[in-house]
Amino acid sequence: MKKLFSRTALILSLCAVSSVAVAEDFPFKKQIVARQAFMQVYAYNLGLLGAMAKGEADYDAKIATGAAGNLLAAAKMDNSTMWPKGSDAEAPGLDGKTRAKTETWSTYPKVTEKHQDLTDALIEMAAVAGNGLDAVKSNMGAVGKGCKGCHKSFRVPKDE
Amino acid sequence: MLKKILFYCAAVALLILLVLHFISLPRTLDASLIPQHKADLQNGENLFWAGGCASCHAQKEARAKARLMLGGGVELETPFGVFIAPNISPDRQAGIGSWNTAEFINAMVNGVSPDSTHYFPAFPYPNYRSMPYTDLIDLKAFLDTLPPISSATADHRLHFPFNIRAAVGLWKLLYLNTGTFSARPGVEASVERGRYLVNGPGHCAACHTPRDLFGGEIKNRLLAGARSLDSASSTKAPKSNRIPNITPHAEDGIGKWSENDIAYALESGFDPDFDSFGGSMVEVQENMAHLPASDRLAIARYLKSIPALASTRD
Chain H
1 MKKLFSRTAL ILSLCAVSSV AVAEDFPFKK QIVARQAFMQ VYAYNLGLLG AMAKGEADYD
61 AKIATGAAGN LLAAAKMDNS TMWPKGSDAE APGLDGKTRA KTETWSTYPK VTEKHQDLTD
121 ALIEMAAVAG NGLDAVKSNM GAVGKGCKGC HKSFRVPKDE
Chain L
161 MLKKILFYCA AVALLILLVL HFISLPRTLD ASLIPQHKAD LQNGENLFWA GGCASCHAQK
221 EARAKARLML GGGVELETPF GVFIAPNISP DRQAGIGSWN TAEFINAMVN GVSPDSTHYF
281 PAFPYPNYRS MPYTDLIDLK AFLDTLPPIS SATADHRLHF PFNIRAAVGL WKLLYLNTGT
341 FSARPGVEAS VERGRYLVNG PGHCAACHTP RDLFGGEIKN RLLAGARSLD SASSTKAPKS
401 NRIPNITPHA EDGIGKWSEN DIAYALESGF DPDFDSFGGS MVEVQENMAH LPASDRLAIA
461 RYLKSIPALA STRD
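Protein chains in written order, with my numbering: chain H, 1 to 160; chain L, 161 to 474.
The hints are simulated quantities; they were obtained by calculation from the structure and are not laboratory data.
Each residue gets a CB set at the ideal place from its N, CA and C atoms; glycine is no exception.
Each hint should be verified, as a subset may be incorrect.
Claimed, not checked - A few chain H residues that face chain L, going by a derived Cβ cut-off under 8 Å, partial list only: (1) G47; (2) G144; (3) K148.
Let the hints inform the model, and build the full structure from the sequences given.
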């Protein structure tokens with residue numbers, strides 16, 4: 001009896017695991033997971049600079065230079081394969097999985113122009129991040145503008 | 161007998177119509193209530209940014225100096241139809257350059273135009289009306305310094321019955337009931353400054369508070385998040401049409417944000433996770449970035465002080 005019970009429990013738990021795996025599968029999963037992880041790389045490095053700008057961490061020229069360099073390197077990466085057409089929030093099965101708007105593709109190449117603005121802001125940040133706290137502070141706004149350039153037009157609001 | 165009943169019904173209907181007509185008439189301002197006040201242009205400019213005037217009245221995507229060119233034309237697509245922001249530049253024909261102080265205050269406080277018609281509350285006068293007359297005089301003085309734009313804007317394209325302006329008069333009876341802002345005694349001055357900026361000029365509630373069937377803000381859900389009314393930016397993805405809960409609720413709101421986090425987000429556009437603002441909040445934030453740091457901190461302190469509410473689906 002006990003054996004039967006534990007076997008049933010095992011089978012049930014296996015079913016549960018596999019159904020979670022099935023439920024979690026969605027179109028363009030690889031690309032969407034990759035581009036969201038990529039955004040986290042931006043956010044992590046921005047956080048290093050931002051903590052200094054906000055007065056939550058002491059200014060450290062080496063950390064600031066490193067973070068700004070990472071951000072610029074990230075902006076220069078070719079990520080085009082992470083953004084296949086049809087991997088938007090309105091696509092079947094992607095509501096809640098991605099926040100990319102269809103306009104990202106329908107107004108192309110606008111998104112690449114916005115991305116160039118970010119790259120330009122990061123070139124400036126990378127050049128001056130080692131020059132002191134004021135340089136970091138005063139360039140955060142322009143970098144923010146670079147991020148918002150795409151997030152304003154090409155991203156739907158976050159679901160709560 | 162039947163004739164009598166019909167006559168009686170018609171009389172009652174006529175009476176109701178007459179009463180509705182009279183109570184929905186636009187109210188004008190008692191000009192004797194306008195104080196003698198020498199305009200403070202700096203305060204006027206701050207209120208211009210706090211009020212987000214440029215978000216609707218400057219051209220879409222306008223940057224830098226173009227933010228001060230208030231020729232209107234931005235289209236607001238809502239479930240009621242398309243609202244088109246009018247020209248509020250100081251042009252005497254196309255804009256509001258010919259308005260006197262009383263006419264400007266009457267528009268901002270009562271939502272009534274100089275020719276005595278009701279404005280639709282897409283123009284957030286239900287929020288602006290809490291602004292003291294002295295602040296409105298300062299704001300008008302600043303607007304008067306901006307470049308006149310001579311192009312006229314098109315009319316709103318609203319669905320029936322929302323296109324009946326008299327109905328706005330009835331709407332006002334239900335919802336236009338805030339008085340002029342006054343600080344609560346015993347509450348810290350900076351919190352009260354924040355309360356004024358958030359609920360008055362900043363009109364944060366216009367998007368972040370859910371609305372009832374007739375478009376009135378649900379007061380006990382203040383800033384607890386709402387469905388976006390802007391159907392232009394909405395998508396077929398229903399999870400993506402939400403305006404966030406900005407009450408201090410730890411899970412659903414921004415309870416985990418410190419005062420410094422909120423103030424810095426309004427300054428830079430970065431949230432505490434260093435994701436950037438997106439959508440219509442970008443313009444709001446870029447307006448708020450023009451305010452003195454003390455005002456952004458005041459907004460943060462007030463937002464930390466309001467009731468924490470869990471999100472609901474409206």
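Check each numbered hint against the structure and report the violated ones by number, ascending.
Hints that this structure does not satisfy do not exist here, as all of them hold.
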